Each structure stands twice: as C-alpha cells, then as structure tokens.
Amino acid sequence: MSIRIIKQGIADSIQDAGISGYQHLGINPAGVMDVVAASVANLLVGNDLKEAVMELHFPASILLFDEQAVIALCGADLGAMINDIPIPLNTPVVIEKNCVLQFTKLNRGARCYLAVKYGFSITQWMGSCSTSIKAKAGGFEGRYLMKHDEIHFRVIDNYTGILQNKDAFIFPWKADTTKLYTPGNIIRIITGDQFERLNDQSKKIFVSSPFAITTQSDRMGYRMKGEPLQLQQQQQIISTAVNRGTIQLLPDGQLILLMADHQTTGGYPRIGHIIRADLPKLAQMKPNQLLRFQIIAQQEAEDIFYEQHRHLLQLQNACNLRLQEYIQKHALH
Amino acid sequence: MCKGCTTLGSMKMTGTYRIYPLGETAVTIELGNRIDEHTNQQVLSLFHHIKNKKIPGVTDIIPAYSSLTIVYDVIGIRQQCHPSAYSFIKQELEAALQNCNWHSSTKTRLIEVPVCYDVSLGIDLQEMSEQKQISINEIIQLHYSKTYRVFMIGFLPGFAYMGTVDKKITTPRKQHPRVKVLAGSVGIAGEQTGIYPFDSPGGWNIIGQTPVQMFNAKREEPVLLQAGDEVKFIPITLYKFDKLKI
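Chains as they are written, first to last, in this note's numbering: chain A, -3 to 329; chain B, 31 to 276.
Warning: the hint list may mix true and false statements.
[Stated by the list, open to error] No more than 27 Å apart at the CA atoms, straight line, and that leaves these computed lysine-lysine pairs for DSS-like: (1) A:K46 <-> B:K81; (2) A:K132 <-> B:K273; (3) A:K143 <-> B:K248; (4) A:K221 <-> B:K204.
It is worth saying that the hints were derived from the structure and are not from the lab.
In this text the structure is predicted, and so the values were computed from the model without any measurement.
Take the sequences, apply the hints, and build the full model.
Pasting the structure below:
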C-alpha cells in the first residue's frame, strides 16, 4: 500500500510539524514550510493536524498509487491531475488504485501538501517524521524523494462504492482557507532585539520599503533584496539561538528571512521576527515577489497565532464530521 | 525587554542580564555579551536547572556562549488558559534565575578526540605557520596541549564551539570560505576551535582531521559532544587515522 515515485520532483520531502527538543545539539527543527496548508490537508482526510505529509515543490514528483486512498492537496496550486481529471485544492479526493497523480503547471504559490488518510508509514527519527536534510536523517531516508521510492501509507480501505468505476472521486465540499491567510503582500513582524540599533533612516526603510525575494531562497531561508539597512554602529554579535522567521541583517545591508531548515544559532544582528501566523503566507511566496513589513506588538502576534489555530480546530471538526458521514453512507465495505 | 542585576539564589550574579522575545515562540536571556568561561558556566547551570524543572510547554532549551533560549508551545500554553504564553515563560525564567544553583554539580565529561595533524589533512597549517612565523609543529603542539571547554553546539548538528585556543594560534576566519570542508576537519576561528561533523562549506582554518564521527544519525545519541564537556585532542599518526576512519 504505497505511493511510488515514477518521476522525481525538484525538492519533495516528507515533513511533519518538526523535530523538537534537540536544538541544543544543533539539530534544527525542519518541518513543513506552510503549517496551515499541511494542517488543512490533514484535517480534510481526518488526520491529526500534525501528521506527516508530502511537501511538493514545482516541478513536483509524479506519483503512482498502488492502492485506493483518500487524499487532499493544499497550499500551492500546481495544476494537479489524477490521470486526466483535474483535481482541486482544499477538498478530499478518493484516488483509484493504479492511478497517477501529477502536477502540470505552477499556477499559484510555492509549496503544495499531500496528505493521505491515516497517514504515511514513516519511521521516526528523534521523535519526528520530518526530514532533516542537513543531518541526512528522518522522513524518508533523510533526503528528498527520488525516482523508484515507495512511500507506504498506514491503512488501506475500500472506496469502490464511492469511486463508481471512475479514476477519482471529488468529495462535494471545500475547506475555506480565506481566514487563514491575510491577503496582500504585507508580512507582519515583531521587532528583534537589535532593531533599536538600526539608524533612523534604516528603521524607516525597514517598515516602508518593498523587499524582493531573490532566487537564492529555499527551505533554509529567503535572501531578500532591497534598500540596504545599517546599524548605528558596527557591532560584533556573539552566536546565539535564532528562530524560524528571524530576520537577520547581513554585512552587506541586505536581509535574510530564516525558514524551516534554518541553523539553530547565528551571529548576525536580528532586527525582527516574522509572526507565526504570517509564515505560511510567506512560504507560498516566490522569488521576484515583493513584500513589505509591518510591525505589531508581541501580544497581538501571539493572539493572532492562537486565533488562527482555533480556526483550524473549527475547520477540523466540521470536515471530520462530513467525511465520516459521507463514507459511512456511500462506501461499500 | 527587561534588565536586571540582582542577587540570585545564594550567589550574586555579576553583570546585568537581559530578557527579550525571539519572535512569539521563544524567549532569550542574555547573561553577558562576551565569550568567557564564567558566563558560559552560568548559562549551563541555568540550562540544567530549567531542563530539570520540566516546565510544561517548553519544547527546546538552547544554550549559547552567553545566552539561553527557551522555545515554547504557544498554542499549548494558551490552551491552559494563560492569557500570554510569553508572560508565563518569562515568569518561569525569572523564577529559575532566583532559584538556580549556580554551582550546580553536573558532572563534566572529559572526551578525548583523536586528531591527525598531518599536513595532508591540516590544509591550512602551512599558511598559518607562514603568517604567524612559528613552526607547524609548534601550532600543533599548542593546539593539543590544552583542554578545551565546549561552549555551545550550533551551526550544524553536532558542531561544537570549543575554546579558548592559545593566543599564539588564534586566527581569524578565512576571508574566502571554502565551498567544501571535509567531515571531521578540525579548525580554528578566532579563539575558538571546532570540528565539522559533515562535509560543509566553511571558513575555519583547518589544522587536522579526526576519524571519529562527531555526528551519526544512527547512534542512540547522535551527537558526540555537548555544551559543558571538556575536550582533549590526542594526536595520532596518518597510519592510525586511516585505520580508525570508518
């Protein structure tokens, strides 16, 4: 009961919410880039929000399912098709045995998440199913997925009654994700401990100028290009821990935004931190896109993050119910 | 941000401390702004104290040279009806500062690391020797004659920042970092010495190589060294190096 990679994607990997508890050993958390999309994919198929998923970049893998499965795709719109049937995002879908799931066009976003009902069967490393590319461990063999890989899922069920001889069945509902991502290109931040050391001009630039995501951007971090920023005085910063979302000021005055595969510690000045709730939106932004930063208060950032999570839980309740009811009513077991 | 200089526990803590958020899912306490053994020892005492306290919602505790960072589960803490996860953790941190036993008796491990300093492996030895006008042998001897403290692990899984090397062999990071430094390479950057656990880009000055795996994902404890360990380098021949290397 598995998915076989028949064509390799550029950077597809198994990720969950991340590796926690080992950062003091330099083992960075990794995990999905867009926590919201991964959570929605999971809740649509009745999984725990933090279940391991397949994170797909474009061009993505071509996947052959050797068993029937209930799946969901969320995040980037990569023009998903099951054989010749276009598959929408944010909806649970049954895929028939021996059918191919492929991704034909990068329409919107950057990372797409594939969840399968009951989850993938992954041996945990350091208590997590995430892939640590740096440590070459965890996830599926500690690396990006390659041709011929077989990723097993935990349970097979019979959905023949729902499929009715078609290659795919699209359930008649959709998760509404509009409240989970704010529109526009504003990325909210809280100030970092070295923000005050920026000179006045730089403080203004930081919150009013656009910054472009360069092509030197990946799971480790996004290198930005914009008007250079400067501290009032050059200063040696001793290495200390950094976080996902930390905005570092490099010696050339440009910024780097730390993402999922960030190093655990760093020695560059930290002028801000992207709020958790806006990291999913950032994870779906691509090179050459522009963004602007907006400073909000620490407590507000926390409240927004908590509210976003509550919304996910509400969505989870609603979707679980519908899925269970539908399967019970229509599947032949 | 909060500054303080206070009598902590039964011991006066010298200098000020600073607590600041690292985003909304982590908080850092800075006990100083220098690389020195005394401050680092305080960081590690606090690290062990907080680890043993098992505060609910804390997911990572990261010691660095002169700071400690606590990463916490905002959602989990808020679900316990705390109106602010940050305030909750900050309070726990301040309580820990009050109650921490700064002379805690966590046993220091002494780890011996075999190193081959042959010039074929210590690829920057020649350049260092020319720059400093001392012989390669003297550089090597100054390096292995000292026992080093592991100040922190960071940058890569299992990369130990150790110090402090003898003044005669302190060397700034290379102007042009290498695209690839081999796993096991032992290097010097400033006053620090370190070992690359993987092949990696790097700017440290390489003086030798160890056959020991600093990181092995398959081991029960994948990382060999931890903050607070003492490390002694044991020089070995190229022959022995080849025999020991897996």
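> Which numbered hints are broken by the structure, listed smallest first?
Replying inline: none
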